[in-house]
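Chemist: Each chain, written out:
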Amino acid sequence: MIDKKSKILLRIFFFIVGIFVVATFYRYIVLKDFKVFTDEEIFNESLLDK
Amino acid sequence: METSIQTFISMCQWDTSSLLIFSDNVFGALIYYSHFIALIVALLVGIFVLSRDSKVLVNRLLFLIMTAFSLWVFFDLILWGNEKPDLIMFFWSMMLFIEPLIYALCVYFIDVFIEKKDISLNKKIGIFSLLLPVIILLPTKFALVGFDLTNCFREPIEGFIATYYVYFIEVIYTLWIIVFAVRKYKKAAPTMKNQIIFITIGIILFLLSFVSGNIIGSLTDNWTLAQIGLFGMPIFAGFLAYMIVRFKTFNAKLLGAQVLVIALGFLVLAIVFVRSIENIRLVVAFTLLFVLILGRILIKSVKREVEQRERLEILTKELEVANEKLKGLDKLKTEFLSLASHQLRTPLTAIKGYASMLFEGSFGKMEDKQEDAVKRIYTSAQGLVNVVEDLLNVSKIEQGGMKYEFSPTDLSALVIQLYGEMKVPAETKKLEFSLEMDQHDKFIVSADATKLKQVFLNLTDNSIKYTPKGFVKISLKREGSNIVFKVSDNGMGISPETKAKLFEKFSRGEGGKTNTGGSGLGLYLAQQIARAHKGDIVIESDGLGKGSSFIVTLLASGSYPN
Chain W
1 MIDKKSKILL
11 RIFFFIVGIF
21 VVATFYRYIV
31 LKDFKVFTDE
41 EIFNESLLDK
Chain E
1 METSIQTFIS
11 MCQWDTSSLL
21 IFSDNVFGAL
31 IYYSHFIALI
41 VALLVGIFVL
51 SRDSKVLVNR
61 LLFLIMTAFS
71 LWVFFDLILW
81 GNEKPDLIMF
91 FWSMMLFIEP
101 LIYALCVYFI
111 DVFIEKKDIS
121 LNKKIGIFSL
131 LLPVIILLPT
141 KFALVGFDLT
151 NCFREPIEGF
161 IATYYVYFIE
171 VIYTLWIIVF
181 AVRKYKKAAP
191 TMKNQIIFIT
201 IGIILFLLSF
211 VSGNIIGSLT
221 DNWTLAQIGL
231 FGMPIFAGFL
241 AYMIVRFKTF
251 NAKLLGAQVL
261 VIALGFLVLA
271 IVFVRSIENI
281 RLVVAFTLLF
291 VLILGRILIK
301 SVKREVEQRE
311 RLEILTKELE
321 VANEKLKGLD
331 KLKTEFLSLA
341 SHQLRTPLTA
351 IKGYASMLFE
361 GSFGKMEDKQ
371 EDAVKRIYTS
381 AQGLVNVVED
391 LLNVSKIEQG
401 GMKYEFSPTD
411 LSALVIQLYG
421 EMKVPAETKK
431 LEFSLEMDQH
441 DKFIVSADAT
451 KLKQVFLNLT
461 DNSIKYTPKG
471 FVKISLKREG
481 SNIVFKVSDN
491 GMGISPETKA
501 KLFEKFSRGE
511 GGKTNTGGSG
521 LGLYLAQQIA
531 RAHKGDIVIE
541 SDGLGKGSSF
551 IVTLLASGSY
561 PN
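Those sequence lines, one after another, are chains W and E.
When you line the first sequence up against this note's numbering, it's residues 1 to 50, in that order.
When you line the second sequence up against this note's numbering, it's residues 1 to 562, in that order.
Take the hints with a grain of salt, since some may be wrong.
[What the hints assert, rightly or not] A short list of chain E residues far from chain W (calculated; beta carbon distances all over 12 Å):
(1) F8
(2) E115
(3) D148
(4) V321
(5) R345
(6) K534
(7) G545
[Claimed, not checked] For each label pair, taking beta carbons as the anchor points, the in silico distance ranges come out as:
(8) W:K4 / E:S507: 44 to 50 Å
(9) E:V268 / W:I16: 40 to 46 Å
(10) E:N482 / W:K5: 54 to 60 Å
[Claimed, not checked] SDA-like mimics (lysine to any residue), calculated; alpha carbons at most 25 Å apart, straight line:
(11) W:K32 / E:L50
(12) W:K5 / E:S129
(13) W:K4 / E:L50
(14) W:K32 / E:F8
Hint data in this document are derived by calculation from the structure and do not stem from the laboratory.
In this text, a Cβ means the ideal position worked out from N, Cα and C, and glycines have one as well.
Go ahead and model the full structure; you've got the sequences and the hints to work with.
Modeler: Put into structure tokens, the structure is as follows:
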């Protein structure tokens with residue numbers, strides 16, 4: 001069985017995980033805050049390749 | 001998102017997904033098969049193990065590993081099928097965290113499996129602190145720099161964490177597992193060694209098949225081919241589950257056969273669903289490799305067992321022959337003993353008789369010195385008669401020829417007679433010799449009086465012989481339905497090691513090493529006779545120099561032994 005200290009440690013760990021997962025979700029899904037790289041020249045080349 | 005970006009996305013002509021994962025963006029059906037089989041099997045394995053005993057830590061850990069792996073597989077499928085950059089960015093980030101988390105849980109799992117206890121708090125901190133940079137930097141540009149639209153690949157651009165750190169800690173975790181297993185293997189008992197080898201190979205193959213997609217994909221740039229690793233996942237997941245559920249009754253051969261059958265079932269099932277001939281070739285090639293490896297192990301194992309069985313049969317036959325020979329020899333020994341004892345008894349009786357007549361003056365008065373010498377001859381002859389008598393009795397018992405004449409016997413008369421006979425030798429040694437018994441009570445048992453008296457005499461004689469000074473006490477009393485005869489002394493005592501084998505044939509106590517004259521058969525005979533009376537003899541002694549008690553327990557009259 002897991003002792004008391006380990007339980008606290010695991011709770012802290014999963015709390016931190018929870019916070020940063022929510023933060024990631026908020027940034028990418030809600031705010032859609034991320035850079036989109038579009039180099040027109042490379043893009044057109046890749047389309048031609050397709 | 002800006003309009004220009006939407007234009008770029010629409011120019012890429014990505015298919016719109018339904019339920020996050022189903023779309024034409026997934027160009028090979030094999031991807032769905034490999035992912036769905038792995039996902040379902042991992043979930044089933046996790047639930048199965050947890051349902052066996054949810055309180056066992058190792059079961060919980062495997063459940064966590066399987067759940068994390070199922071999530072990883074599902075997110076991977078989203079990345080294959082989905083076309084929305086925001087969802088791809090999010091689930092790609094999640095996979096960056098789940099992948100090393102599975103490695104961390106595997107380190108935790110193998111430690112608990114081998115040590116059979118939870119790991120220390122420091123170790124937990126050590127394992128999980130390596131994950132902290134990944135978690136904390138997950139929503140930042142250090143994990144994912146941005147989304148790349150320049151080649152329509154639907155991929156983010158990875159930052160430092162995704163490109164280097166995640167792989168770095170995965171290597172650390174893998175090395176951790178290997179080093180830990182090797183160290184434990186060296187110190188493990190032979191029975192545990194096999195378990196350590198199997199569980200380590202199982203975990204390493206599990207993790208390898210897990211990353212094989214990335215490795216094969218990066219090396220060949222063929223991401224469909226990269227899916228074959230996932231087919232191995234259910235096999236190794238099932239293997240790990242089997243290990244923790246059945247490791248108590250671990251049988252490598254049985255395990256190998258079961259794994260082979262289950263794996264073949266999965267692989268053949270995969271062929272049913274795969275339509276492309278190229279993919280069928282892949283699955284068949286993987287199956288062949290798997291069958292060759294496990295088949296070779298199984299054949300070797302069966303061959304070894306057949307050889308062992310043949311050797312065992314030969315040994316059994318040899319043992320039977322040796323046993324027959326031994327029985328014959330034992331019979332010969334007993335017959336010889338009986339014959340020799342009879343032959344010895346006759347001249348000994350003559351020696352004893354003539355010696356007795358000599359010192360009693362039947363052939364005229366002797367000088368003191370002569371009388372003393374003749375008495376010594378008489379005593380030695382008596383000792384020899386006792387030894388011969390013991391040997392004869394033992395051979396009778398072993399041949400099943402010992403005859404008992406049971407009749408209701410009053411032990412009080414027998415014990416009073418014994419007390420009278422043993423008083424002289426006890427007083428000669430200046431020992432305090434006493435009898436404790438209720439003179440008015442009757443102690444009736446069904447017994448062969450002569451033989452039982454021999455037992456009491458033997459025990460009392462031993463007590464007197466091995467008590468240099470102090471007391472010897474004999475007692476007779478009733479305890480419930482039993483009658484108990486007890487001889488206690490404060491003599492040499494008996495060590496626990498000697499006590500354990502004192503009733504064996506030719507066994508001698510500590511005193512026997514200094515006192516000569518005993519055959520080492522007295523106590524053996526005494527116990528055999530007591531048992532023939534449905535009784536028993538027990539020795540009590542606190543150790544050397546602390547005296548001893550010999551207790552004979554007999555059933556009070558009412559039940560006559562057959």
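Chemist: Against each hint, give a clear statement of whether it holds in the structure.
Modeler: Against the structure, the hints come out as follows:
1. F8: F8 of chain E not clear of chain W: closest Cβ-Cβ about 5 Å, inside 12 Å.
2. E115: Its Cβ never comes within 12 Å of chain W, the nearest being 14 Å, so this holds.
3. D148: 5 Å, violated
4. V321: 56 Å, holds
5. R345: Holds: least Cβ distance 73 Å, greater than 12 Å.
6. K534: 52 Å, holds
7. G545: 50 Å, holds
8. W:K4 / E:S507: 44 to 50 Å: Given about 57 Å between the Cβ atoms, the range is violated.
9. E:V268 / W:I16: 40 to 46 Å: Given about 45 Å between the Cβ atoms, the range holds.
10. E:N482 / W:K5: 54 to 60 Å: For K5 of chain W against N482 of chain E, whose Cβ atoms are near 59 Å apart, the range 54 to 60 Å holds.
11. W:K32 / E:L50: Violated, at roughly 39 Å.
12. W:K5 / E:S129: 16 Å, holds
13. W:K4 / E:L50: Holds, at about 22 Å.
14. W:K32 / E:F8: At roughly 17 Å apart (the allowed maximum being 25 Å), F8 of chain E and K32 of chain W satisfy the hint.
Hint compliance for this structure: hints 1, 3, 8 and 11 are not met, and every other hint is.
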